[in-house]
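Using the sequences provided together with the hints, build the complete structure.
Number of protein chains: 2
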Amino acid sequence: MTVTIDPATVAQRFREEIRAQLQAAREPLHLVGILAGDHAPSLTYALYAQRACSELGIGFELRRYPRLGAENAIRSANADAEVHGIIVYYPIFGTEQDVYLRELVDPGKDIEGLHSKWARHLYENRRFVDADKTRKAILPCTPLAIVKLVEAAGFFHKTGRPLEGRTVTVFNRSEVVGRPLASMLAHDGANVYSFDVDGPLHFQPPPQHEPDAAHSLAETEITRAEALAASDIVITGVPSKSFELVRAAELRPGALCINFSTYKNFSDDVVSEGKAACFIPRVGPMTVLMVIRNALRLQQQNAG
Amino acid sequence: MTVTIDPATVAQRFREEIRAQLQAAREPLHLVGILAGDHAPSLTYALYAQRACSELGIGFELRRYPRLGAENAIRSANADAEVHGIIVYYPIFGTEQDVYLRELVDPGKDIEGLHSKWARHLYENRRFVDADKTRKAILPCTPLAIVKLVEAAGFFHKTGRPLEGRTVTVFNRSEVVGRPLASMLAHDGANVYSFDVDGPLHFQPPPQHEPDAAHSLAETEITRAEALAASDIVITGVPSKSFELVRAAELRPGALCINFSTYKNFSDDVVSEGKAACFIPRVGPMTVLMVIRNALRLQQQNAG
Chain A
1 MTVTIDPATV
11 AQRFREEIRA
21 QLQAAREPLH
31 LVGILAGDHA
41 PSLTYALYAQ
51 RACSELGIGF
61 ELRRYPRLGA
71 ENAIRSANAD
81 AEVHGIIVYY
91 PIFGTEQDVY
101 LRELVDPGKD
111 IEGLHSKWAR
121 HLYENRRFVD
131 ADKTRKAILP
141 CTPLAIVKLV
151 EAAGFFHKTG
161 RPLEGRTVTV
171 FNRSEVVGRP
181 LASMLAHDGA
191 NVYSFDVDGP
201 LHFQPPPQHE
211 PDAAHSLAET
221 EITRAEALAA
231 SDIVITGVPS
241 KSFELVRAAE
251 LRPGALCINF
261 STYKNFSDDV
271 VSEGKAACFI
281 PRVGPMTVLM
291 VIRNALRLQQ
301 QNAG
Chain B
1 MTVTIDPATV
11 AQRFREEIRA
21 QLQAAREPLH
31 LVGILAGDHA
41 PSLTYALYAQ
51 RACSELGIGF
61 ELRRYPRLGA
71 ENAIRSANAD
81 AEVHGIIVYY
91 PIFGTEQDVY
101 LRELVDPGKD
111 IEGLHSKWAR
121 HLYENRRFVD
131 ADKTRKAILP
141 CTPLAIVKLV
151 EAAGFFHKTG
161 RPLEGRTVTV
171 FNRSEVVGRP
181 LASMLAHDGA
191 NVYSFDVDGP
201 LHFQPPPQHE
211 PDAAHSLAET
221 EITRAEALAA
231 SDIVITGVPS
241 KSFELVRAAE
251 LRPGALCINF
261 STYKNFSDDV
271 VSEGKAACFI
281 PRVGPMTVLM
291 VIRNALRLQQ
301 QNAG
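The listed protein sequences derive, respectively, from chains A and B.
Residues in the first sequence are numbered consecutively from 1, following the numbering used here.
Residues in the second sequence are numbered consecutively from 1, following the numbering used here.
Honestly, the hints are just simulated from the structure, not real lab data.
Among the hints, erroneous ones may be present.
No copy is singled out in the list; a pair is fine if it fits within one copy or between any two copies.
Taking lysine to any residue pairs in the SDA-like style, the calculated list, with each CA pair at most 25 Å apart, reads [said to hold, decoys possible]:
id, residue 1, residue 2
1, K117, T262
2, K275, R67
3, K264, V3
4, K117, S174
5, K241, H30
Right, dumping it as structure tokens:
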């Protein structure tokens, strides 16, 4: 039988942890969401984050601007000592100008973990900001949410590297989710086949005796069928109706299936045939908690 | 009569300046070109840069890799004290991963001026890196080449802000050329109408009494016809055959026309009707000199 896991249930546990940390914090968290332009789903995401914060007693101030106001809005939130964390809702321009805005956010307030400073930490497997290893680097919120869901689904080893020997297929290699996710999974010991329209890449874990090295990356000729048949975990994030849904027949028995896109990426038979062990149909409720978790971490580190 | 200006002729003057600077330099310049993947035009550009460097007695080492080698190639060129400047030839992945690579280049070796550190200096009109104003910020090479060509064409005022009161239309708002160019022209005093598929934006110069402030930016309803009829300078960079060529009838008499794309963007009648004052059909020969000029600047600053 395939168990469908509701990420909101997993999120509940993290919510309790965060509540305890909030009580210990010396200053209430104050987050700012910057909503510019008129991309309708962004408002939905922003209100969702606002509600999640409100439930935890966290201040989340949603600031709205025309698209040309975003740049100065980021600068003033960067400069404002009262603001602990910034979420910018993209797309704003829908061009590479959005990347300029993303890089403009102070990494010390980038609670989504999207700045290239954090990307470099991640890809180079440098888990701490300082030589004394007291301040942890920030991880991007959606990949982090997915890794926590893999753990919650029981796919982590209790000792050693948590995904040692596991094979994972990820459909999506965006800079925001798919590529950082593949890298994180490889650093945890997995062999990851990463597919996008450009074909597959193989993210290889660092050698077991060098767990602090970075993953390596190789071209591969592996087919979708071969990768899926070999995979303990299959993660999809393809925002397209033309994606060929992953079917039960393609899976390895006992696989964990996770979809982080808002499109259907798995065929219904993945649950109905009972071949997969678990199916997690969405990750959103975990993502917002990871943003708050990052915010707490940055608040502590910036204060210390 | 419309004068067609060959940018190679203008470049000749800069070449002599650079030759003199090279003789005064304490150490020979050593530049590295990183060519990864199989985008054919990149090899052409790289060989062109190599020839331009060779004519000036500058070492330009072209390093070739498969696409997955680019990341470590950048890291090792960053770490190598013998390397004064790095040029990375894009596209490599042709996705946002290329932006990650661009940000990975040490800004102190980014002789093309593409890193977000330099973009922030430019957009905020901070022309120096240090408070004592001894070390100038690096400007992106193609926009800089275009501004130098505007000057060479005689469109700069001799006193005050060089483009005070001028109106400019730019077709292209990419992060690599069109947007930084519009910002630079506005900081020099021009009103700039920037067009792309997304419509026009108006880059407004800082007030005359605050020349160190940043340009401002406004939405505008101006049409292409209105902008062209008002413009002293028209600059195009549209890499598409479907772009409606700019015709003589659309121009203000005496305009300066510059095309920086490799596609034809101006109708032949712009030259044959004699309405424009000058036409500059390409900028490439100037761009490569601006890269070398940036390299010299960074070498001096990093040594000092």
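Evaluation of the provided hints:
For the identical chains of this complex, K117 and T262 are neighbours neither inside a copy (28 Å) nor across copies (34 Å), given an alpha-carbon limit of 25 Å. Proximity of K275 and R67 under a CA criterion of 25 Å is satisfied in neither setting, with 47 Å inside one chain copy and 38 Å between copies. When the C-alpha separation of K264 and V3 is checked against a cutoff of 25 Å, the pair qualifies only within one copy, where the shortest distance is 18 Å, while the shortest distance between copies is 60 Å. Taking the closest pair of Cα atoms, K117 and S174 come within 25 Å of each other both inside a single copy (17 Å) and across two copies (23 Å).
Proximity of K241 and H30 under a CA criterion of 25 Å is satisfied in neither setting, with 38 Å inside one chain copy and 50 Å between copies.
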